[in-house]
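Novice: So the chains spell out like this:
There are 2 protein chains.
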Amino acid sequence: MGLIQTWGMADLSRNIPTNGSISLTLSTLEVTTTVQWRVDLTRDRIMINEGNSGYTTVSEQRIVQRISAHLDHVRRLSGQSSRAFVEVQSTFPPRLGVSLQAPLFASLTVAAVKAAGQELPIRDLTALARLGAGPACQSVPGGFVEWHHGDSHETSYAESIAPAEHWPLVDLIAIVSGMGQLTDTLEHDQRLAPTSPLYAMRTQSAEARLAECRQAIQNRDFDHLADIVEMDSRLVRAVTLTSEPPLYYWAPSTLTIIDRVRAWRMAGLQVAYCVAPGPNAHCICTPEDADLVETQLQSVPGILDIKRAKVGGPTRLVG
Amino acid sequence: MGLIQTWGMADLSRNIPTNGSISLTLSTLEVTTTVQWRVDLTRDRIMINEGNSGYTTVSEQRIVQRISAHLDHVRRLSGQSSRAFVEVQSTFPPRLGVSLQAPLFASLTVAAVKAAGQELPIRDLTALARLGAGPACQSVPGGFVEWHHGDSHETSYAESIAPAEHWPLVDLIAIVSGMGQLTDTLEHDQRLAPTSPLYAMRTQSAEARLAECRQAIQNRDFDHLADIVEMDSRLVRAVTLTSEPPLYYWAPSTLTIIDRVRAWRMAGLQVAYCVAPGPNAHCICTPEDADLVETQLQSVPGILDIKRAKVGGPTRLVG
Numbered sequence: 001m002g003l004i005q006t007w008g009m010a011d012l013s014r015n016i017p018t019n020g021s022i023s024l025t026l027s028t029l030e031v032t033t034t035v036q037w038r039v040d041l042t043r044d045r046i047m048i049n050e051g052n053s054g055y056t057t058v059s060e061q062r063i064v065q066r067i068s069a070h071l072d073h074v075r076r077l078s079g080q081s082s083r084a085f086v087e088v089q090s091t092f093p094p095r096l097g098v099s100l101q102a103p104l105f106a107s108l109t110v111a112a113v114k115a116a117g118q119e120l121p122i123r124d125l126t127a128l129a130r131l132g133a134g135p136a137c138q139s140v141p142g143g144f145v146e147w148h149h150g151d152s153h154e155t156s157y158a159e160s161i162a163p164a165e166h167w168p169l170v171d172l173i174a175i176v177s178g179m180g181q182l183t184d185t186l187e188h189d190q191r192l193a194p195t196s197p198l199y200a201m202r203t204q205s206a207e208a209r210l211a212e213c214r215q216a217i218q219n220r221d222f223d224h225l226a227d228i229v230e231m232d233s234r235l236v237r238a239v240t241l242t243s244e245p246p247l248y249y250w251a252p253s254t255l256t257i258i259d260r261v262r263a264w265r266m267a268g269l270q271v272a273y274c275v276a277p278g279p280n281a282h283c284i285c286t287p288e289d290a291d292l293v294e295t296q297l298q299s300v301p302g303i304l305d306i307k308r309a310k311v312g313g314p315t316r317l318v319g
Numbered sequence: 001m002g003l004i005q006t007w008g009m010a011d012l013s014r015n016i017p018t019n020g021s022i023s024l025t026l027s028t029l030e031v032t033t034t035v036q037w038r039v040d041l042t043r044d045r046i047m048i049n050e051g052n053s054g055y056t057t058v059s060e061q062r063i064v065q066r067i068s069a070h071l072d073h074v075r076r077l078s079g080q081s082s083r084a085f086v087e088v089q090s091t092f093p094p095r096l097g098v099s100l101q102a103p104l105f106a107s108l109t110v111a112a113v114k115a116a117g118q119e120l121p122i123r124d125l126t127a128l129a130r131l132g133a134g135p136a137c138q139s140v141p142g143g144f145v146e147w148h149h150g151d152s153h154e155t156s157y158a159e160s161i162a163p164a165e166h167w168p169l170v171d172l173i174a175i176v177s178g179m180g181q182l183t184d185t186l187e188h189d190q191r192l193a194p195t196s197p198l199y200a201m202r203t204q205s206a207e208a209r210l211a212e213c214r215q216a217i218q219n220r221d222f223d224h225l226a227d228i229v230e231m232d233s234r235l236v237r238a239v240t241l242t243s244e245p246p247l248y249y250w251a252p253s254t255l256t257i258i259d260r261v262r263a264w265r266m267a268g269l270q271v272a273y274c275v276a277p278g279p280n281a282h283c284i285c286t287p288e289d290a291d292l293v294e295t296q297l298q299s300v301p302g303i304l305d306i307k308r309a310k311v312g313g314p315t316r317l318v319g
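In order, the protein sequences belong to chains A and B. So for the first sequence, the numbering used here puts the first residue at 1; every next one is plus one. So for the second sequence, the numbering used here puts the first residue at 1; every next one is plus one.
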């Protein structure tokens, strides 16, 4: 979940963004990916179990093609020439409005490289995951993660700037609208970023926000974090709202939640809003205030569901 | 009502904005101001009849001071040394969320200059009105009015670029929240404009929008007008939302109206939204579609009231 967000790509084909970002790895929402390289397959076979709703062979041509294209990167790197049997198991409830792509491509990368008998430094794993889906690089290291935008495949990578235990923040995701998980709408939408007359200004000012966000995390300074994260959300809002065509994203309830979060913080609760492109609002809070914020959120009109996530660890090999 | 809006001042003391603007003069919402220069008064006396609620001597110290300060400009210009008795009669319903200041200072200027026995070219009258309240210059000439930002008192003036009859558009003002009329909140808020990292970019790009808006008006090209007016509203939104501190302004219902207006236009209605800083949404429409849009607006939740205004004429002398 992006505290300081990327919006707009310097290199679309390799997912190299125009500005760096800092994100919070979310636990609770887990994706487990199994990769077997099998000589008996003539093409990659991909099965996705979405939200414990039973396995379904993914029919969305687009995501199958992308997973297969990502496996090609691993094949090139490892000398592996077989096709793969891939199983993806997700605890994401359907239509959560949080992209499944980041944890999917992160776990796919880690599993496929391991299954191919390769050992890669974590930095290289993050860069490789990035080729599958930009934000996937941030799902590899765990905790609070910075994605250095870089200017080449090697220099556009992610690293953990603090482990999950450093600051056990809670993310209460207020779902105000159902959105598909596997679509690549957001990636497509990012192509519009440069059409906003405000895009360059946001990009230029990102470095300063990254430095402030890093410092707030290091000092566990919630007020400072809240200010900078909310400002960055509004800046992304400004760019999306002024692209051509405009991307409206926010629902009326999104504004209601923002309004309440501001009032709750004024009243002393440690809570900040963070809205990635889309209508759902993340309410970041300290563990001490999470229960009270969740109770308050339940009385806000227009919220369909609230999901609670903690700061999660790195993508790891299971079994 | 600003089609292309000003937001931010190059010279706060003389109300010279950083970018030019184009506005629609609104009829229906009328202000009648009477000025008598009277040797028997030791100070200016100001009475305001707001929304036909009976005359009340204005007690708000701030507005009385401002009207008196504006009368000083006229005294200096005309050699008039008396104090004035000023009566302001307004058809604005209270808490309309449309600033009374523009028509008030426009009519005050025209009436006070005339009562002082002066004749001024309209361009000079607009510049003089601007000293009272920036947007007042736009209320003087009538119809579709451009305010040239200029860089001095003489060059920051307004002129009509098309009379009201040129294109009889209708403005349906959807009131979603009560706001005081006589406050100078917006003027104060504009001081924050330069704190937004996006401010300079919006200002720089204003000239191109002014040219497009001018052309759309000349050609009575509604679709083109809608695109450019809505874009400018979103750009102002972007700047206000990212100033420090941020100015939230929009209510959840504001987003609902914008969403509906877009859907209605997609369905073929000639309607565009225009949102000045504040929560209320102006729905500009062609006279042919105004009734249908008004009926549709009546079913949108969260709207307290709908006011209909037409394109109005110049500030004129009555009696």
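Rather than coming from a laboratory, the hints here were simulated on the basis of the structure. As the structure is a prediction and not an experimental result, all values here were calculated from the model. Please note: incorrect hints may appear among the correct ones.
As the list claims (entries may be wrong) - Computed spacing ranges between beta-carbons, pair by pair:
| id | chain 1 | residue 1 | chain 2 | residue 2 | range |
| --- | --- | --- | --- | --- | --- |
| 1 | A | Pro287 | B | Gly302 | 32 to 38 Å |
| 2 | A | Asp189 | B | Glu30 | 44 to 50 Å |
| 3 | A | Pro287 | B | Gln215 | 31 to 37 Å |
| 4 | B | Asp151 | A | Pro245 | 32 to 38 Å |
| 5 | B | Thr28 | A | Glu30 | 57 to 63 Å |
| 6 | B | Leu12 | A | Glu30 | 53 to 59 Å |
| 7 | A | Gln36 | B | Gly302 | 31 to 37 Å |
| 8 | B | Asp151 | A | Ser177 | 18 to 24 Å |
| 9 | B | Gln298 | A | Pro245 | 49 to 55 Å |
| 10 | B | Arg316 | A | Asp189 | 45 to 51 Å |
For every residue, glycine included, the Cβ atom is placed at its ideal position computed from N, Cα and C.
Novice: Does each hint fit the structure? Answer for all of them.
Specialist: How the hints compare with the structure:
For Pro287/A and Gly302/B, the Cβ-Cβ distance of about 36 Å falls inside the hinted range of 32 to 38 Å, so the restraint holds. Between Asp189/A and Glu30/B the CB atoms are about 45 Å apart, so this pair conforms to the stated range of 44 to 50 Å. Distance hint check: the CB atoms of Pro287/A and Gln215/B are about 57 Å apart, inconsistent with the given range 31 to 37 Å. Restraint check, Asp151/B to Pro245/A: a C-beta distance of roughly 35 Å satisfies the suggested window 32 to 38 Å.
A hinted range of 57 to 63 Å for the beta carbons of Thr28/B and Glu30/A is consistent with their spacing of about 60 Å. Between Leu12/B and Glu30/A the beta carbons are some 55 Å apart, a value that agrees with the proposed interval 53 to 59 Å. The hinted range of 31 to 37 Å is not satisfied by Gln36/A and Gly302/B, whose Cβ atoms lie roughly 55 Å apart. The given range of 18 to 24 Å is broken by Asp151/B and Ser177/A, whose C-beta atoms sit roughly 47 Å from each other.
Restraint check, Gln298/B to Pro245/A: a C-beta distance of roughly 28 Å breaks the suggested window 49 to 55 Å. At roughly 50 Å, the beta carbons of Arg316/B and Asp189/A sit within the given window of 45 to 51 Å.
In terms of the numbered hints stated before, the structure departs from hints 3, 7, 8, 9, listed from lowest to highest.
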